[in-house]
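S.K.: So the protein lines, in turn, are chains A and B. Position 38, counted from 1, in the first sequence is what the numbering used here calls 38; the numbers after and before it change by one each time, with no gaps. Position 530, counted from 1, in the second sequence is what the numbering used here calls 1530; the numbers after and before it change by one each time, with no gaps.
Keep in mind that the hints were calculated from the coordinates and are not lab data. Only a predicted model underlies this, so the values are computations on that prediction, with no experimental measurement involved. Just to be clear, a hint being listed does not mean it is correct.
As the list claims (entries may be wrong) - Below 27 angstroms or equal to it, Euclidean Cα-Cα: the simulated DSS-like pairs (lysine-lysine) are:
1) B:K1372 <-> B:K1387
2) A:K5 <-> B:K1166
3) B:K1777 <-> B:K1832
4) A:K5 <-> B:K1961
5) B:K1832 <-> B:K1899
6) A:K15 <-> B:K1632
7) B:K1673 <-> A:K29
8) B:K1488 <-> A:K29
9) A:K15 <-> B:K1372
10) A:K47 <-> B:K1894
11) B:K1325 <-> B:K1282
12) A:K52 <-> B:K1400
13) B:K1395 <-> A:K29
Unchecked claim - Not the full set, but computed from the structure, chain A residues with beta-carbon under 10 angstroms of chain B:
14) A18
15) N31
16) L45
17) Q65
18) E87
For glycine and all other residues, C-beta sits at the position ideal for the given N, C-alpha and C.
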Amino acid sequence: MLNIKCPYCGDRSQKEFAYGGDGTITRPKLNQEISDEEWDNFVYLRKSPRGKHIELWHHIAGCRQWFKVERDTTTHEIFRTFKPEEEF
Amino acid sequence: MSQNFRLNTGGLINRDKPIEFKFNGKKYIGYEGDTLASALLANGIHLIGRSFKYHRPRGFFGAGVDEPNAKMQVEINGCSEPNINATEIELVNGLSASSQNCWPSVNFDIGAINNFFNRFFPAGFYYKTFMWPKSFWYKVYEPFIRKAAGLGIASLEKDKERYEHKYEYCDLLVTGSGPAGLASAYAAAKNGAKVILAEDKPRYGGTLLTDDVTIDNLSGKDWSEKIISELIEMPNVIVKNRSQVFGYYDHNMMVMFERTGDHLEKKSKYTPRQRLWYIRAKEVLLSTGSIERPIVFGNNDTPGVFLSAAAKEYMKVYGVLIGKKPIIFTNNDSGYETAIEFKKNGVNPIVLDTREDQNSELINEAKDLNIKIKFSYAVIVAHGYKKVKSATIGKLNKEKIDFENTEQIDCDSICVSGFWTPTVHLASQSGNKLKFNDSIDAFVPDKSKQNEHSLGAANGTFTLQDTLKNSFNTGSEVSKNITKKDEKIQIPNTNERKYSAHDKFWCSPLPKGKHYKRFVDFQNDVAVSDIEVALREGYRSIEHVKRYTTLGMATDQGRTSNLNGLQLVANVEKKIVPQVGHTTFRPPFTPVTIGTIVGREIGKEYMPTRKTPMHHWHEKNNAVWVDAGAWKRPRYYKRGNENLFEASKREAKNVREHVGVCDVTTLGKIDIKGPDAAEFLNRVYTNAWLKLPVGKARYGVMLREDGIVMDDGTTTRISENHYHMTTTTAQAANVLSHLEYYLQIVWPELNVNVVSTTEQWAGAAIAGPKSRDLLAKLFSKIDVSNEALPFMGYVEGDLLGVKARIFRISFSGELAYEINVESDFGLFMWEKIIEIGEEFNIQPYGTEALSTLRIEMGHVAGPELDGRTIPYDVSLEGLVSKKKDFIGKRSLAKEAFNKADRQKIVGLVPLDRKSSIPEGSHLVENKNAKLPNPKLGHVSSSCWSVENNNPFSLAILKDGKNMIGKKLFAVSPLKNTSIEVEVMSSHYVDHEGKRVRS
């Protein structure tokens, strides 16, 4: 079980969090003209990298904030956690 | 027979407290402080079970977690449990144990015939034999194998015991209370660190209890007692015995299994039997010690063959002799310690040392005691079927691959010592890649992946002096980094005997023409020949050899067999052990009961139960419950002998004719506030929200980005920047997360806050033609006329002194209102509605009637919004704005979603107007068509229409738009029905929606 540092609350057990997928995906802007392919890439296509991965987590049983986690998908090492507005 | 093998003095048992127990139906006596194993050995019992595959007689081999054979069916307090390790369970009054894997008895086991045909049971026998014909597997082979193999019998009764979980956080977790554990825990505790020290056994001290050493002029045992008593007194230290740390998980999450109840003669009702600890440790110090390696020889599984350290432990801790005529078979000095202990207790052992003539402190001490020693000797084979009676021994030639001469000598036991294997299981589980240490012929931990250190024997350090020095220092260093305190500790003086080098001898060669079974893995009956077969058949990877032969796979996880197995593979393959590598160590280190893993989360405690404020009223009024997520909702209110069907019909009919009341507290409620709230809703919902006036509600549909309907519900504008959203009961949590995601991640520029208010408001829906009359009586001060409070209107009112929100919304399709009050007043509201509603024939209705009402009306719910439907499919395309963008809109333009024959919701009525259509039925054109019969759609919801008094269903049907009036078959292979149905509009009642506006 991972130990995740919520940037708002501090260290907490994984039990308090929900995984939210790839944290590098940006939603296309509203009313943007966009091809089928681009849209499908946004909706469906995700990489499953081995190694470093920036992902979203939701402190669902805590402060209910979404934030980002840089994690190694093979070792589960967490390099850092940060607020969504912070640069990555 | 009464404890003939118990020494007159010595041991750490309580001789003043005899304990009576049973083994295979016979009564025996042991002492308090015994394990089941030591008590049986004190009574001279060696034959305790049969082996897994060949049903060979088996006896004790170890004295703790190293024991591969002594798995027993044990009954304590009326609970029977299989596969209990007799060397680990403590003796208590009334304990009753029996042998496993033998029939009719351990003395005469029919399965032992396998032993005589053992050349027909080579490695992979089951794979090779039971492959064909395929159809035989379920009917013939599997039942046969299940009957013949297997260990104990799991109880079919409900476990009455109590199990608990505990969460703990600490700076340092120290696993094992031997010298390394005590020293490191002590040093860390002195620096003020929060320390947990876990010991698997009941007694602290590990090898200090059995080794002849002194620390600061105290015996090992006295020193360990001194340290432990100091540690127990310290407020920053938790000391736990009977506690096995069995799993090392990510981010230093350690899992520990504490035996809290089984050793107690009487325990209170609330004392758990076992407790599972989840420990998050900043640092883990692994002081797990080492396990003695066997030397492999012929018939080395005969009862009476022991690990030499186990024999010593039985004498020193339990005052028990495992034999009176022992052979000590060793390749290192450890065997001499056991020999000396025998000698001190009046027994004359013979030592067979595989090394050439040696000198060391220990050997000289043995010589001085006139212990008979034969150098360059090995045991070739043990004789005796149910107990060792003699052994053929031989003088090894120079290369140690053959014997110069052999002789047979009498003996009643053989104690083997093949040097020591560090217990690296936890280190390996942590991700530490092990490295091979040539000087001890074993793997030791390499670089840490997590915050862990291995200390003492677990790290391959076998002298007390080095162990204490390293452990004090590591404990000190590691804790200093956490607590910033540095208390200097004087490292104590030690006195221990020096060992000479061990011999790498691990397996006795077979004399020419002899085919003795030489076992590597006792628990799974894997012999040298089995591994050779696997290699001959081309298995190369050690992981494959393991699976093919089952080497090291059972509950003992190869604790005694692992390295010898690797050594054998290396020999055959002409490699060295590090090239062969090792198999993966996995948790649990020792078996854990399912009860402990489950803990208290069982039955109705499996998850929390959510109850509405009106729960007890429903209960008193014969509600029959249905689970809606964690909520309990009344499914119907039973009157007399009514069944579900009758009751729901009555309740639904009463709504259509008079008025009903339904507890809708469970609907998700989300409070939305902020200047951008309207804009946010406009993006979340498919329809337009910017122009919704204050005091009005609107029905909305929200999609996922892939265009699938996620949820529906009404949202009401309470004031300029304040909205009240409702969601379905099932989707409440998901919708909140969804909204938070878009506000925090996608559109952080929107100034909006959302919060769940589901539990803050109690809700009651009053529905039916008389609901306005009832509302007027409930809220005498406000105008509830159709003009003042029209459909989709909202007002706040005063319900007999309680502030209430009134929404004119309807799920039933009748004239209806939803009243919300603060939860504390929920029951008050409910009782007033029932009381005042009496004159209008009010009846409460449950979820079954609620479903009936909405199905007749063609209102969609969970079964239609099943994660596969877009708005068009459920006839909500009218709510999809063409002008604005919203979540998921772009997906709706996809080709598949716009095909002419796209599925659509329809209504179904059986042609006979009688047969209920099972939900989940498939719709087909021809019920007798050849399989696979093309499926046109499925029945999503079914009810008995109270309006038309016949069955009615909703279905999602291919090209549903153009199918109205067609006749199809609804077939359900599950219910074995096939009903001819007519397709019609999904709105079966009140097509124009007049009633809700009346």
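S.K.: Each hint should be assessed against the structure and marked as holding or not.
M.R.: Now for the hints, and whether the structure bears them out:
1. Only pairs whose Cα atoms come within 27 angstroms are accepted, and K1372 (chain B) paired with K1387 (chain B) is accepted, the gap being roughly 23 angstroms.
2. A threshold of 27 angstroms between alpha carbons decides the hint, and for K5 (chain A) with K1166 (chain B) the separation of about 21 angstroms falls inside it, so the pair holds.
3. With a C-alpha separation of about 10 angstroms, the suggested pair K1777 (chain B) and K1832 (chain B) falls inside the 27 angstroms cut-off, and the hint holds.
4. As the CA atoms of K5 (chain A) and K1961 (chain B) are separated by approximately 53 angstroms, the hinted pair breaks the 27 angstroms bound.
5. Taken as a hint, the K1832 (chain B) and K1899 (chain B) pair is broken in the structure, with Cα atoms around 52 angstroms apart against an allowance of 27 angstroms.
6. Using a Cα cut-off of 27 angstroms, the hinted pair K15 (chain A) and K1632 (chain B) holds, with the two alpha carbons roughly 25 angstroms apart.
7. Among the hinted pairs, K1673 (chain B) with K29 (chain A) is consistent with the structure: their alpha-carbon atoms are about 23 angstroms apart, no more than 27 angstroms.
8. Under the criterion of a C-alpha separation no larger than 27 angstroms, the hint pairing K1488 (chain B) with K29 (chain A) is inconsistent with the structure, at around 63 angstroms.
9. Restraint check for K15 (chain A) and K1372 (chain B): the C-alpha separation of about 62 angstroms exceeds 27 angstroms, so the hint is violated.
10. Restraint check for K47 (chain A) and K1894 (chain B): the C-alpha separation of about 23 angstroms stays at or below 27 angstroms, so the hint holds.
11. Distance restraint check for K1325 (chain B) and K1282 (chain B): the Cα-Cα separation of roughly 50 angstroms exceeds the 27 angstroms cut-off, and the hinted pair is therefore not satisfied.
12. For the given pair, K52 (chain A) sits about 53 angstroms from K1400 (chain B) by alpha-carbon distance, which is inconsistent with the 27 angstroms threshold.
13. Between K1395 (chain B) and K29 (chain A) the alpha-carbon distance is near 86 angstroms, which puts this suggested pair outside the 27 angstroms criterion.
14. Checking A18 (chain A) against chain B by beta carbon gives a least distance of about 7 angstroms; that is within 10 angstroms, so the hint holds.
15. Proximity of N31 (chain A) to chain B holds as hinted, the smallest CB-CB distance being about 5 angstroms (cut-off 10 angstroms).
16. Because the beta carbon of L45 (chain A) sits about 12 angstroms from the nearest beta carbon in chain B, more than 10 angstroms, this interface hint is broken.
17. The interface hint given for Q65 (chain A) is met, as the beta carbon of that residue sits about 6 angstroms from the closest beta carbon of chain B, less than 10 angstroms.
18. Taking 10 angstroms as the C-beta cut-off, the interface hint given for E87 (chain A) is violated, the closest approach to chain B being about 14 angstroms.
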